[in-house]
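Starting from the known structure of chain Y, arrange chain A on it as the hints suggest.
Same order as they appear, the protein sequences are chains Y and A. Add 8 to the 1-based position in the first sequence for our numbering, that's all there is to it. Add 8 to the 1-based position in the second sequence for our numbering, that's all there is to it.
Hints in this document: simulated from the structure, not taken from any laboratory. It cannot be assumed that every hint is accurate.
Stated by the list, open to error - These stretches of chain Y come out as covered by chain A in the derived footprint (C-beta under 8 angstroms, 3 or more residues):
id, region
1, 22–28
2, 40–49
3, 65–71
4, 97–107
5, 132–145
6, 162–169
Using N, Cα and C, we set each Cβ at its ideal position, and we do this for glycine too.
Protein chains: 2
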Amino acid sequence: MRRVSPAEAIRSKYPEWIVLVVARDAAGKANVMPAGWAMICSGTPLYVAVAIGHGRYTHECIQATGEFVFAWAGEGQQELVDQTGSSSGRDMDKFAQFDIAWSGPEATQVPLLEGAAANLECRAVHEYPCGDHTIFVGEVLAAHMPDTPVRKLDNFSGSYSVALPDRGR
Amino acid sequence: MRRVSPAEAIRSKYPEWIVLVVARDAAGKANVMPAGWAMICSGTPLYVAVAIGHGRYTHECIQATGEFVFAWAGEGQQELVDQTGSSSGRDMDKFAQFDIAWSGPEATQVPLLEGAAANLECRAVHEYPCGDHTIFVGEVLAAHMPDTPVRKLDNFSGSYSVALPDRGR
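Just chain Y, with the same shape it has in the complex:
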């Protein structure tokens, strides 16, 4: 074993899943950003957590409205991940700009993403400081999946693909 820089060790993380975080701002405009830093964090009640950088527009949205949708990106959403990851909702309406397909929520006011592997409607129950990010913990109020199952997309260090088990050995 050899000591390495933390940056080198962190590259071991791939593939990492991709969570699309949807939230509305105080004026009601909906926004989407992709996040890799997300996890489930309680079983009963069911909670999920996502770490959002302080400067992100989504950070202000969740603080303003206390709600978000946690959606695992689905096969076919590669372009959406790139588009929403390289732009800020502070400057534009991403839903209009990128023609994002959505459906109406049931438990919150936050739109659901068509094409995601699953959508979890969440009420923010904790907001924890964490270095240069904030951990937002959401209680899952309702869950939705596509009529025809969609496979989850993973981040393979810059390219996005469905992950399959290596059974070739």
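Just chain A now, with coordinates in the frame of chain Y:
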């Protein structure tokens, strides 16, 4: 899109990575448990987070000593994941019982796992309540990797494999 039970939606998460969490108890005995609920959560400073159930032995260990190692399980550690996931350090010394290969740490008192894809030595800087789990946030003090690279193992809903991108289409 159709409304589903949260339990059904959560199954979309696979593959999920497997983090081996190493910590010592107050008496110095080292222990390992596998956790899927883990993420990176700050860039500068570099922090990682892991959600640990209240009843887990590792929960008391981190509370007692304030240190842990966050290691992505490596190819070849399938059996170790099963062994350490189906037993409790409260009842045994897992390092002795399962003959776990380890190396000495540099920044903490917590042993490093031979065979993991990477080992991150962490000092617990936050401990956040989160439903039936606690989120432990660790500052990464030192990082280590095997001399010969080891691929990360992912959890494909019960079976553990290296995850490869589906490029077959």
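Results of checking the hints against the structure:
Under the rule that three or more residues need a Cβ within less than 8 angstroms of chain A, the assignment of the region 22–28 of chain Y holds, with 4 such residues. For a cut-off of 8 angstroms, the count of residues in the region 40–49 of chain Y with a CB near a CB of chain A stands at 6, and the three-residue condition holds. Given a C-beta distance limit of less than 8 angstroms, the hint that chain A covers the region 65–71 of chain Y is violated, as 0 residues qualify and 3 are needed. Evaluation of the coverage hint for the region 97–107 of chain Y: breached, as 0 residues show C-beta separations to chain A shorter than 8 angstroms, against a requirement of three.
Three residues within the 8 angstroms Cβ limit are the bar, and the region 132–145 of chain Y against chain A gives 9, so the coverage statement holds. Closer than 8 angstroms: that is the beta-carbon criterion, and the region 162–169 of chain Y has 4 residues meeting it against chain A, so the requirement of 3 holds.
In terms of the numbered hints stated before, the structure departs from hints 3, 4, listed from lowest to highest.
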